[in-house]
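K.L.:
Sequence:
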Amino acid sequence: MNVNEKDDILKGFLELVRVVVVTVIVTVLILQFVQVSKIYGTSMENTYHEGNIVLVDKVFYKKSSPHYNDIVVVDYQNSGDETFIIKRVIALGGDHIEIKDDQVYRNGQLLKENYIKEAMVNCDDLSIDVPKGQIFVMGDNRNVSLDSRRLGCFSFKKDVIGKVFFKVPFF
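Residue 170 in my numbering sits at position 170 of the sequence shown, and the numbers go up by one each step.
The reader is advised that the hints may include incorrect statements.
Said to hold, decoys possible - Derived lysine to any residue pairs resembling SDA-like cross-links, with alpha carbons at most 25 angstroms apart:
no. : residue 1 : residue 2
1   : Lys158    : Ser64
2   : Lys158    : Tyr61
3   : Lys112    : Glu98
4   : Lys167    : Asp75
Said to hold, decoys possible - For each label pair, taking beta carbons as the anchor points, the in silico distance ranges come out as:
no. : residue 1 : residue 2 : range
5   : Phe170    : Gln103    : 22 to 30 angstroms
6   : Gln77     : Asp101    : 29 to 37 angstroms
7   : Glu50     : Val17     : 34 to 42 angstroms
8   : Ala119    : Pro169    : 23 to 31 angstroms
9   : Gln77     : Leu110    : 28 to 36 angstroms
Hints were generated in silico from the structure; no laboratory data involved.
The beta-carbon is built from N, C-alpha and C at its ideal position, and this holds for glycine as well.
Could you put together the complete structure from these sequences and hints?
P.N.:
Here it is in structure tokens:
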């Protein structure tokens, strides 16, 4: 092996190291802003199905407030463990939610929810004022969803991990 061949091998190795280091740095930076989440269960059908992979913007709510119908990832135990649920924002702080006769009302208005899988059946009636700085969330598959009806409202600054912004195709 001559000197030129050794130089070429060294240059190739250094280029590989550079690519790996840059890739690791970029990946770490991206993961500071984006979380990859997998859908477990059927509580968000028909919007998302079990096994779907979604990307979550972890900084969106640091500069903005939630909006009706945002789909969010919530740490429902806020324990440091991965106890995440993915749900739809139904109400914001200051809103009044009432569930009566298996229908959802926000501030006295019946919600038109074309995204739900099927009508709720045998749902307990509920009347709640959502505290400021909190959100009320529900799954789109209401009959199986663990959501604010049982877990209460969530602080969007403390409990919300981020806003779902993309479903990865083919998963």
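K.L.:
Against the structure, test the hints numbered earlier, and report the numbers of the ones violated in rising order.
P.N.:
When the structure is compared with the hints, only number 5 turns out to be violated.
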